[in-house]
Structures are given as C-alpha cells and as structure tokens.
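Dock chains S and R against the given chain V, drawing on the hints supplied.
The listed protein sequences correspond, in order, to chains V, S and R. Each residue of the first sequence is one higher than the one before, counting from 9 in the numbering used here. Each residue of the second sequence is one higher than the one before, counting from 9 in the numbering used here. Each residue of the third sequence is one higher than the one before, counting from 175 in the numbering used here.
Hints listed in this document are in silico derivations from the structure and should not be mistaken for laboratory results. It is possible that some hints are incorrect.
What the hints assert, rightly or not - Chain V is faced by these chain R residues, among others (derived, beta-carbon under 10 Å):
id, residue
1, Ile-181
2, Ser-617
3, Ser-621
4, His-623
5, Leu-624
6, Gly-780
7, Val-781
8, Arg-783
9, Ala-786
As the list claims (entries may be wrong) - Within a straight-line C-alpha distance of at most 30 Å, the following computed DSS-like cross-link-like pairs (lysine-lysine) qualify:
id, chain 1, residue 1, chain 2, residue 2
10, R, Lys-251, R, Lys-387
11, R, Lys-346, R, Lys-553
12, R, Lys-346, R, Lys-725
13, R, Lys-725, R, Lys-712
14, R, Lys-553, R, Lys-387
15, S, Lys-440, R, Lys-553
16, R, Lys-251, R, Lys-289
17, R, Lys-581, S, Lys-57
18, S, Lys-440, R, Lys-346
Please read these numbers as outputs of a predicted model, since none were measured by experiment. Beta carbons: idealized from backbone N, C-alpha and C, even for Gly.
What follows is the residue order along each chain.
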Amino acid sequence: MHVGIAWFISVSAILFGIGLYGVFTRRSPLVLLLSVEIMLNACNLALISFSRYLGQQSGQVFALVVMAVAASEVVVGLGLVVAVARRKADLDVDRMTGLRH
Amino acid sequence: MTTALVFLPLAGALLVLLLPLPRRVTEELALLIALAEVVLGAVALVGFKVGGGMQYVQNTTWISHFGAGAPVRYHVGMDGLSLFMMLLSAVGIAAAIGAAIVAGRERPRMYLGLLLLLESALVLLFTAQDLVLFYVGWEVMMIPLYVLMGVWGGDGRRKATFQFVVYTLVGSLLMLVAIAVLGVSAHSFELGALTAHPHESTWLFLAFAAAFCIKAPLFPLHGWLPSAYRESTPEVTALLSGVISKAGAYGLLRFALPLFPSVAHDWRWVFLSLGLVGLLYGAVVAFRQPDARGVVAYSSLSQMNLIVIGIFVFNQNGVTGATLQMVNHGVVSLAAFLLIGLVELRAGSDGFRVLGGLSNRRPVMSTVLLIAALWALAVPGSSIFVSELYILIGAFQQQAVLGGVAACGIVLAAMYMLRWYSAIAHGGNGSKVSDDTPDLRVSELAIAVPLIVLLLAMTAYPYGIMRRLSDSQIGFGVPAKVRHL
Amino acid sequence: MQALAWICLFAPLAGVAVLTLAGSRISRATAAWAGTAFAFAGFVAAVAEFVQLLGEGTAHRAHTWTLYTWAGSPTFKVPFAVLVDPLSATEMLIVAGVGAVIVMYSIGYMHGDVKERRFFVYLDLFLFSMLLLVMAANFVLLLAGWGLVGLSSYLLIGFWHERPEPVAAAKKAFVMNAIGDVGIAIAVFFMVRDLGTTNFATVFHTAPQHWAKGSADANWVAAALLLGALAKSAQIPLHTWLPDAMEGPTPVSALIHAATMVTAGVYLVARAHPLFQNAPDIQALVALLGLATLLMAGLIALVQTDIKRIIAYSTMSQIGYMFTAVGVGAYAAGMFHLLTHAFFKALLFLGAGIVIHALGGEQDVRRMGGLGSALPKTKWLMWIGTVALIGFWPLSKDGILADALQKGGTTAIIVWVGGLVGAFFTGVYATRLMRLTFYGERSQYASEHLHSGHGEAPWVMFWPVAVLALGTLLAGFLAIGFGINTTFATWLGHAAPAIEPSTPRDLLTTAIAWAAGGAGAVLTWRAYSDPALLERIKRPFHGIAVAAEHKFYWDEAYDRIAYLPASAFATGLYRFFERWVIWGTVDLVAWVVRVFARGTADAQTGVVRQYATVLVAGAAVLGVYFLSKATL
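So that you can see chain V by itself, here it is in the shape it has in the complex:
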C-alpha cells in the first residue's frame, strides 16, 4: 500500500488535536508544556512531509528551527515552572494570574 502525503498529514493533524486538547483541558503547567511540545512536533511532521513531497529542503530547515525553538522554550518553561513551584505549592495555570497586576 502506498503511504501518500495524506497519511502523514492525518497523523500530524491527529497529534496536533491531541496537543490542543491537552492545552485546553489540563491545568498543570507541566502537562501544558508537554501538550505544546506535541503540537510543535505535529507541525514538524507536517513540515518534513511537505518537504519530502515537494522535494524542497526549506521545510526541513524550518523543522530544525522549530526544534531549536522548542528546546529553548522547554528550558525557559520548565525553569519558570520550577520557580513558581518553589514559591507556592499550587500549580494551577488558571490561578497563575499574578502578572496581570
């Protein structure tokens, strides 16, 4: 069976949906970060697929950039989570509104 571009895009969409669902439903910042990672990787998958499909390299380049950004984002995000966790035990993103004021 020929695995066409549609398969890859579908997997990517499913992954993206899972990530989005996670972002919407979970309150733990850790899980939130995980979900965001899943979404980013879904995008990566799509980028690479199209790159392969179109025979152009730019998609892969973008994917690499996204990975680098994702890695930095996790570092910063986890750092923040740890910092917040140290200050208060309650890790609920809905209550983290301190920067509003």
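Chains S and R alone, transformed into the frame defined by chain V:
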C-alpha cells in the same frame, strides 16, 4: 568616528549593566567610558573642518527593503550642529554620571548603565541622517529615561513618568506616521534625498512639529515639564533640561524645517507667537515658583521658547543665535540642576522656605552658584548673552515688535534668577542649613568646575562655536525665497 | 599704542582671575594689595596711553584696535575691538585712576572683613567692566560692559548679604539696570537691521543717511539709548535704585555710585551724540529729564538724614547737570563736569567713609556733630569737596549753564533757569552736611563711640582722599577759559564737541551761579546756628519737606502700579492657567490613554487557557478565510 561615538557608550552600557562588579568599580568604569566619549568627541571637534559641511560620514545599507521598497540606511555624520549637540550629550552624561556617583544612587549598575544607554541613543539621534535611524534613536532615548525617572525619582515620580512618557509618545507616534508616509511616497528615508524635493504637506509638517515641540517644549505643550523636572533625580532633570529638550529644537532644525520649508515658512507666525508667549509666560511663572527646581524648570521653558523664536524667524542671525543658545543653555541648565542636586544633598530639599545663607562661610559654593545664576540670566558679556542677542536681532529683523517685546524677557530673567540665587545663597541660614553645612567637596568641584570652565571658555570666544554652527546650512531650513535675509 | 590699551583693559581682569584662583591660599592683606596692584597696573597703562595720544596730531587721535572676532553669524559680526580717542582716554584715566585710588582706600576700609578677598575680586571685576564699557569700539561690546558694570554693582551693593536690605537693594539696582540694558539692546537691533553694523565710526557716519533727522526710526534709536542712559545714571524715571544702593560698602558708593558707573549714561550720550543730534526731540528730552532729576534730587537731599544718602541724592542731582549739558549739545562741558565730579564726589564719599568708620558704622547725621576737632584733616579735605560741589571751583557746573545760555532756544533757557535754582539747593544741602557733621555740639552717641572707634583714618585711607582733593583742585585749571576754548574741550576735539563761547554771558552765568550757591551756603550756616530761624524757614515748606522725605513717592508708585499687579498676575497665571489649563491638558491625554488601557487590560485575564482559546479561534478564522480564497 561617528559610529564609534554611537557605539562606545552602548558597549559601555552593556558592560556596566551585565558585569557583576562591585559599586566602586562599576562607578569608575562608567565614568571612564563617559570620559572616553568626551575625549573622542573632543578629537572629533579638533579634526572638524570649518566649511567642510557634513563630516565623519558613514553610509551603509541597514535594512535593504522596508515597507514599500524604501531602504533604510545606516547613515550618520556630523555637521557643526550635530557636532556640538553630540559634545553636549557627552559632557552632559559625563557630568550626570559624576553627580550620580557623588550622590551615591542606589543600584548603581542599573542607573549608570541606563545613563550610558541614553547617551548612545542621544548621539545616534543627533548624528542620524536617515529618518528611520533618527526615529530609532528618538525612541530608544525614551526607554532609559522611562526607567530612570520611574525608579529613582521623588515621591510623585510614577505619575510624572507616566505623563511624560504618554505625552511625548503621542507626539512621536504622529511623527512615526509622518516618517512612514514620507518614506513610502519618496522611496527613501534619507534626509538628503528628501530635502532635495521639499514636501508641501501641512499635515506631515505638523506631525513632525508636534513631536519636536512637545519635547522642547513649546508653549502650551509644556504640561509634562514641571512634574518631570521636580520628580526626577537631579542628574536626570539636568539631562532633560540640558540635553533632551535640545533634541526637540534639533529636530525642528534638522527635519521639520528642511523637509517642509515653505509650509514651515507659511506657519511661522503660529510658532513665533507661541514662542513669544511661552518666553514671557515661562519667565513670569518662574518668578512665582516656591522651589529652586521650579524656577529653573520654567526658566528652561522660557529659554526653549526663545530658541523656537530664533528657529522660526528664518534668517541667519536668528538661527545662529538659536543654535548657539542650544549649546549655551544646555551647559547652563546642566550646571544649574546639578548644583541644585548638591544643595539638595545638603539641605534635603530645594524649597526656598528652608534654604538660605549658603553663601555665608561657603565661598566656593557661593561662587559656583553665582556663576550658574548669572549665566542663566544671560548677564551681558556672557555667551548666553551673545546667543540671546542674535536671536533677538533675528526676531527684530523679522518683525520689530516681536524683537522688542521678546527683549523684555531679559528683565524678567534677571528678576527670577536673582530671586533664585538670593533665596538659596543670601540672608541668614535657612531652617535646613546650619553653619556646619559643608562647602563643596573636591569630588563635587570636579563636576561643577568643568562646566563653569566651559561657560567661561564659550564666553571668551563664542565665535569659535558660531562659525562652526553657521556651517551647518543644511539644518537651517531657510527656504530659497527668504534666504536673502 | 595697542599693547597699552589691552594692558589697561585686561590688568583688572587678570586680578579677578588671580585672586579667584588663589582663594584662601593667600592672606587677606596679600589679596587686598594684589587687587590694588592690578588696578594700578591698569592706571599706569592708561596714563602711558594718554601720553602717547597727546603726542599725536589732533586729527589722528582715534585708534580702533581689534583683537579677534568675538561673535558672528554669516551676516553680522562683532569684533572684540577697542576705540581709543580723547573721549575714551579721558574716561580710561578717570576710571583707572580714581578706581585705583579707591581700591587702595578699601584696603583700610575693608580691613578685617571676613570676605575681604572677595571684595577686591569684585572691585577688579568692576574696573574691567567699566573699562570695557568706555573702551568698546562697538555697541555690542559697550552693551556687554554696560551689563557687566551692572553686575559688579549688584555684587558690591549686596556685599553684606546676610542682611536683607543690601540684597533687596542689589536686586533692585540690577533689575532697573536690566531695563536699561534692554534699551541699548533695542538700539543695537535697529543698527543691525538698518546699518548692518554696530561699530561706532560706521554707525555715526551712516546713521544720518539711513534715518532722516527727526524721523521715527531716528527717534526710536535715540530713545532706546536714552533708556539705557537713564537707568544707568539714575535719572528720572529710573532713579529709585541709587539711594538704596548706599547699602553697599562706602568705597563702592564712591567708585561705582558716584565717580564712574553712574556717569556712564553721560558718556553714552556724548559718545553717541551724532545719533542724538539726529533726533532733536529726544535730545531735548535728555536735557529736560536731567533738569527734573537735578531739581528733585536736590530737594530730597535737603531733608535726608543719612550721610551717604545725602551724598547719593547730590550725585543724582549732579548727574542731572551733566544730562542737561549733553542734552543741550554742550558735550565737552558735560564731560568736564563728569571729570571733576568723579574727583570731588569720590572725595566726599571717602571722607564720609572715614567719618562712618570713626563712629563704628553710624551714618545718621543727627547722631554726629562736632566731629571737626576729632577729624580735622578729614574735615578740611571734605571742605575742598564741598566747595567744588557748590560750584566755586573747579568751574564745571557754571560752564554747563553758560553753554546752555549760549545755546539758546526754549529748552536751553529752561535748563539755564532751573540749573541756577539747583545751584542754590546744592549750596544748601552741601553746607548742611558739613555743618551737621563737623560743627555744633557733639552728640552723645558721637562722644561715646569716637574713642572706641578708629579715630582719624590710617594712611592707606587718608592718602587716597588727599589725592582726590588734589585732583579736584588741579582739574579746575583745565577749565580756564570758557566753552570751546578750555584746555579740556580742545583736547576732546570732535569726540565730544563744545559750544562757541561768549565771554560776557559766561561771566554773567558764573556770577549768578556763585551767588546762588553762596547764598544757599550762607543761609544754611546761619539757620543751623540759630534754631529759631531754622524753624521759621522750615515752616512754610512743611508739605514739600514731607513729600521729599518720602522721596516724592516714586517707590510707592512703582509698587502699586507695576510690581504688585505684575506679581499678582504672575501668581494668578500660575495658580489658575498653569494648573488647570496646561496641566489639565496633560492629565486629559494621560486619562484618555489610561481609560483605553484599562479597557484592553480587562481582556488580559491571566488565564492561559483563555488566551489559547482566543488564539485558536483567531487561527481558525484566518484558516477559514484563506481556505475560502484558495483555489484548489
């Protein structure tokens, strides 16, 4: 050269901000960088050729395509006006850093680093020959100012800072729109290219003028001034009054007038009338101020409006006077506000009610304050007298009544500055002054004396500055039809 | 010689620099003597310059020397240039000579003051400024000197600034003089606009071509210059600062407020006489204002009780004479009175200073009396000054009146009559001063303080006074002959023209003037010896005496008309317009921004998932939009 002048303080700012050095070392490093900038500026002054037009030019592409295809260039250079504004910034920041060290400001890395950042922005805006580059300098200037006013100032600093930033941002945004429109329609942001084909749009001119006149400030746009000058630290107030207000006048000379010469000429009476009212209004209000800063603040308003008059009379005498006055008033108000800072260090306040008698047994302080006061009131023979005289001559040539009425400002200036000096220095000791209140210390003298020496030097030979200034014809914005004056 | 002129001008300035930089590193006595040395250096150079000038032919006695371009725009340049001609050389000699002598006197007078060094800095600064004023070769430099003498005067009047009165007097003097500065500045504006230069020679030469005689512009220029002259020379209506200026140390009163600075207005009119002759109405105004001042000040001097204020009003009155002289075109006569007045008035002030010094600071003549036996030398020296003041010798005052009579015309005749009346007043107040101070019964206060005081002055104070007395006597010989024939008028030449004399009229005038002055003197002497007679004379003049004691209410009028309303206006402007309109605008802008910001801020709940929802919704909208546009 110009690039070095722009980036030396920037590099210094990063060093000071980032290196976790102890207070003492941080202070020395910041002062060293500021002094290096002054020396570099002095080298530029020595190498400057009279009659050489725009010098120390650097012109490369910065952003190749921007908006609808107009490139933004990194184009900097100095003619006489830029040169002296750059020098004024360098001297001002060096003096401010010195004063900050003497006063022992909290969080010195942040404070001194921001001052250096401010210097970089100032030098950039005074040397930029590209509208977008100028705007970058103009706005970057506001960032350190915002923090410097908002974090270190007096009790009412939050409101003062908010008002200052909001009020001036309104003006800058108008200018940003005007720059965009101008650049897109002419496919260039370069000043030289734009002035070659003057624009006729009244709205664009007013947008530029709004930004500059708020910063200067021109009456009645000065509402932000009193609280900003009162609530900031003396160093920041000195810079606001001495250097940053000049950015407004500089903008008028360099951009608003050359870009829209005939519109500006048509509108000159609006600016001349407002300038005249502001000149007298500032002087009258200064006379009723209850504190040292208030008097100098409103005198600053008065002087800046006189400069606006000099700019808008559209003749050589007026403009030469106005540009010289920018330099003169810059140094004088630096000196005045920094000295007020030293008085505040002693008395804890600058209210006339608690001051007095500082001349008694404090000969050095008395002399230095006196010289600052005399120059601020433009005592005949001083360099400020020369610049005011030229502005007034220019005004008189434009319209006799204008010059005659503006000349009355001389009397008012004498009234409020003598009141200022007497309230601080004369009479018996004020309630916050005692016989033990110290005279100026050596470190404080190191701030005051160079400024005083500068004033005396400029008085001995004002033509040394004037002949270099009058070289910067490009900034004078004298439209062809009135150039013969 | 050029170098001499520059030495004369800059020697006192060097003194300022040296003394300021030396500060407290040198002793007070060193500073005082150094300050005097710099003043004398200027005087020596002035004398040498004068001798040089004498050696040259009359036609070549005018030199303009330029040091460098001081200020300039592309269209108007100001050279730092001096003009040395007989007029300025005369002034140089007066300023540097009388100045140096008075600086020397100050060594004794200011001995022991905490701020002694500073005093000599200020004196030297004054000498530099005054020399700049009289040597300047253009109106801008003249204005610079004009303002700087005002500044030095401010500093010296307010020298004892711990007390409020000197500070107030100093401020008043400076502000009134600033009004005069504005006048000269306006004249400069006219010159630059119409003539393109302010150099004396060019201006005087070309002015009549640009401004027709008696035209509005010609009148404006002369009136503007006159405003400056009135303020500096304390003439009506800008005279009120001079009596208050007596708060300064006495040498200052002698130097600045008698001998040199206050007569600068006369110098200005004489120097700029082509401009005044181009505006005859204004020139007549000069004479009439001078006459009004000389009569009014003479009246006020009759009733003053402060010894320095009596002399101050006398100064004002004598300068009135000089103004009438230059007002009727008798420039040489005016300058000659300026010269002799510099000597004898400085002499009187310094003599008064010795008296004040001897009494430990007392200035009220009612608390003196009978000091002649204690201060015999001072008494005789002051008699020389008094005789000169009344006008017996040197013949400077009647020279003015003789010229006025000779000139003819309504103004000149009014001046002649008024001047003779003034001569009578002069006789009265000058004699009264001497009588009350040195004769009669010694007051209790005087006897108590005389012995604890300093007695007759030390030599460093005595000799300057003696030199001035000698100068007063010798100056008289310059005026042998009348009008244009005097040695002095010949020397001045074209720089300050004189009037053709007519001997019978001159002799007549002199006789009447002597008679008027002598009558005043004799009457006064007799009246003060006989209290009943004095009462009888005083009674009919009670009303005018009260008015004179209140200085004819000028100060009160200025307060009510100008100062108080202006002050209230300024306060009102600040309290209402500034607060509500100007600051209100800023508040309004800030309020608009704040309200807008508050509205948008409410959207920022801080809940991350809300943000995500909005983001996804936005992305969905964009996605739908692009998909609908896409052509698949």
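Cross-check of the supplied hints:
1. The restraint placing Ile-181/R at the interface with chain V is violated, with a minimum CB-CB distance near 74 Å, outside the 10 Å limit.
2. Against a cut-off of 10 Å between C-beta atoms, the interface hint on Ser-617/R is violated, since the closest Cβ of chain V lies about 81 Å away.
3. Residue-level restraint check for Ser-621/R is violated (minimum Cβ-Cβ distance to chain V is 83 Å; threshold 10 Å).
4. The criterion of a C-beta within 10 Å of any C-beta in chain V is not met by His-623/R, whose closest approach is roughly 76 Å, and the hint is violated.
5. Among the interface hints, the one on Leu-624/R is violated; its C-beta lies about 81 Å from the nearest C-beta in chain V, farther than the 10 Å criterion.
6. Because the closest C-beta pair between Gly-780/R and chain V is about 3 Å apart, less than 10 Å, the hint holds.
7. With a least beta-carbon distance of about 5 Å to chain V, the hint placing Val-781/R at the interface is held under the 10 Å criterion.
8. The beta carbon of Arg-783/R is positioned within 10 Å of a beta carbon in chain V (closest approach about 6 Å), and the interface hint is therefore held.
9. Using the Cβ-Cβ criterion of 10 Å, the hint placing Ala-786/R at the interface with chain V is satisfied: the shortest such distance is roughly 5 Å.
10. Between the alpha carbons of Lys-251/R and Lys-387/R the distance comes to roughly 27 Å, so the proposed pair stays at or under 30 Å and holds.
11. Taken as a hint, the Lys-346/R and Lys-553/R pair is broken in the structure, with Cα atoms around 33 Å apart against an allowance of 30 Å.
12. Pair hint Lys-346/R plus Lys-725/R holds up; C-alpha atoms about 16 Å apart against a cutoff of 30 Å.
13. Restraint check: the Cα-Cα separation between Lys-725/R and Lys-712/R comes to about 18 Å, which is no more than 30 Å; the hinted pair holds.
14. Simply put, Lys-553/R and Lys-387/R have alpha-carbon atoms about 51 Å apart, too far for the 30 Å limit, and the pair is violated.
15. With a CA separation close to 49 Å, the supplied pair Lys-440/S and Lys-553/R exceeds the 30 Å bound.
16. For a cut-off of 30 Å, the pair hint linking Lys-251/R to Lys-289/R is broken: about 40 Å separates their Cα positions.
17. A C-alpha spacing of about 60 Å is found between Lys-581/R and Lys-57/S, which places the hinted pair above 30 Å, so the restraint is violated.
18. Our distance criterion of 30 Å between C-alpha atoms is met by Lys-440/S and Lys-346/R, whose separation comes to about 27 Å.
Hints 1, 2, 3, 4, 5, 11, 14, 15, 16, 17 from the list above are not met by this structure, while the remaining hints are.
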